[in-house]
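**Student:** The hints should help you fit chain B onto chain A, whose structure is shown.
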Amino acid sequence: IACLVMYLFAEFDDAANLLAANPDATTISIDEPVEIPKNQHSHLQEPGREEDDELLGTDDSDKTELLAGQKKSAPFWTFEYYQTFFDVDTYQVLDRIKGSVFPVPGKNFVRLYIRSNPDLYGPFWICATLVFTIAVSGNLSNFFIHLGKPTYHYVPEFRKVSIAATTIYAYAWLVPLALWGFLMWRNSKVMNIVSYSFLEIVCVYGYSLFIYIPTAILWIIPQKVVRWVLMVFSLCLSGSVLVMTFWPAVRDDNRRIAVATVAAILLLHALLAVGCLAYFFDAPELEIPAPIIPAHNGTTVITKSH
Amino acid sequence: FPGLADVSISQDIPVEGEITVPVGSHSPDEDFSTLDEPVKDTIMRDLKAVGKKFVHVMYPRKSSALLRDWDLWGPLVLCVSLALMLQGGSADSKDDGGPQFAEVFVIIWFGAVVITLNSKLLGGTISFFQSLCVLGYCVMPLTVAMLVCRLVLLAGAGTVSFIIRLIVVGAMFAWSTLASTAFLADSQPPNRKALVVYPIFLFYFVISWMILTFTPQ
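Just so you know, the protein sequences line up as chains A and B, in that order. Residue numbers for the first sequence follow full-length UniProt numbering, so the first one is 1 and each next one is one higher. Residue numbers for the second sequence follow full-length UniProt numbering, so the first one is 1 and each next one is one higher.
Chain A on its own, in the form it takes in the complex (with noise of 0.2 Å):
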């Protein structure tokens, strides 16, 4: 009872707070239909979660981290703890792609977006999704690039999609465990203001891979130039998401750390999307002459009939 009336006490605090920066806001409380009755913190929500208020930065950091400590209160063997990363609602989800896609300078991803309220809904699905797409897109393209050719004999490929869903997880979630351990670890020799946990990393990596599956589409496009494009293009924008939330956890650290640590995660961030289209989309070639080749009953599958 008593960390339930604290735990008002924080929301209402919050909520002041929110009226205070912004008085003609209209709170709104959403109240879930109690379907888990035993996760009783299902119908306290913060008011006003929709608003793209300017209400960001450090100094909310530490009542964030007192509700995020409140909520996650059942013990981690029972199915309601993990619950609790699932909490979230359509447009939320919605909302948080929208802000990987289009990172606005100067507002923190996590801060903005994810408010203590990481799930694991997003990047699961999104690692899933650009899984598929990458051997699915890996494959139509090989298929229009060799199209044509005599000797050329269609195959589904299907094992790339083992070694695309292999690569991508792992990234997703090895990737945030070294830095929320780097993180840790440095938080312990220099105080900074801005920490994360590792749900939030994990929030942050796996939003900022959504920005490569229209770009795994488009990388069906056979040609150099208009990949590189649009790599180097979604590079930048989840790049930009990436570095706008880390480099404040680091900037009070050593400079030449803080610099190292954000050119790592964009050196990796880089190798994953490089390392997609090597591997996975065939060199589209020049246009060759037919060679003369004796037809022979080879086992070519789709004729084109004209």
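Hints are not guaranteed to be accurate.
Unchecked claim - Between beta-carbon pairs, the in silico distance windows are: (1) Lys224/A x Pro216/B: 25 to 35 Å; (2) Tyr59/B x Leu267/A: 32 to 42 Å; (3) Ala283/A x Lys48/B: 49 to 59 Å.
As the list claims (entries may be wrong) - Here are the computed lysine to any residue pairs in the SDA-like style, where the Cα-Cα straight-line distance is at most 25 Å: (4) Lys189/A x Ile265/A; (5) Lys193/B x Trp125/A; (6) Lys193/B x Leu212/B; (7) Lys193/B x Phe85/A; (8) Lys193/B x Leu94/A; (9) Lys149/A x Leu153/B; (10) Lys189/A x Val259/A; (11) Lys98/A x Thr143/B; (12) Lys160/A x Thr143/B.
In short, the hints are calculated from the structure, not lab data. Every residue gets a Cβ at the ideal spot worked out from N, C-alpha and C, and that includes glycine.
**Tutor:** Coordinates of chain B only, in the frame set by chain A:
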């Protein structure tokens, strides 16, 4: 007791209530009778239940029969037949071919489990096996599409056959997704429906892709 002498119960107040023991005690009798019945009856009853569910999938309407009496026979039969039909694809090397039997099996069952967990974590009220049952039965249109594709490929493998296959697989994919959404969407919280429907869409899209890219020897 003199005070009670005036109290009398009138004769025409009906005595209400159940004296008989509730229905549960009939079940030992039922079990006894299904043990006695011929094997054909037992099998036909289960087959009829499975067949009824297939009909429900073909004409998806909000009915609770699919959800109430779930069984996994139908999904197993569909999964095995789909995985068998996806065999025999050509490959230059082992690495480049279509999915193997075990891969199809794993994708269908693991995918269905993940989608069920996802909907439960998001606050759905459906039970685990009910959701598996629905997702498994809704693979049926895609199995039919695979059958049609194999028949079309027997006739030839040109562009026309590809267009036919594309249309058939596309239509069946839409049917599967709509059927499973019709059954599963009601049990989700209203502001999270899209979050639950999207993984189902992805699941059937992957299966449709495997069917469409099947190329025979």
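**Student:** Take the hints in turn and mark each one as holding or not.
**Tutor:** So, going through the hints one by one against the coordinates:
no., hint, result
1, Lys224/A x Pro216/B: 25 to 35 Å, "34 Å, holds"
2, Tyr59/B x Leu267/A: 32 to 42 Å, "55 Å, violated"
3, Ala283/A x Lys48/B: 49 to 59 Å, "57 Å, holds"
4, Lys189/A x Ile265/A, "21 Å, holds"
5, Lys193/B x Trp125/A, "15 Å, holds"
6, Lys193/B x Leu212/B, "28 Å, violated"
7, Lys193/B x Phe85/A, "17 Å, holds"
8, Lys193/B x Leu94/A, "13 Å, holds"
9, Lys149/A x Leu153/B, "21 Å, holds"
10, Lys189/A x Val259/A, "17 Å, holds"
11, Lys98/A x Thr143/B, "37 Å, violated"
12, Lys160/A x Thr143/B, "24 Å, holds"
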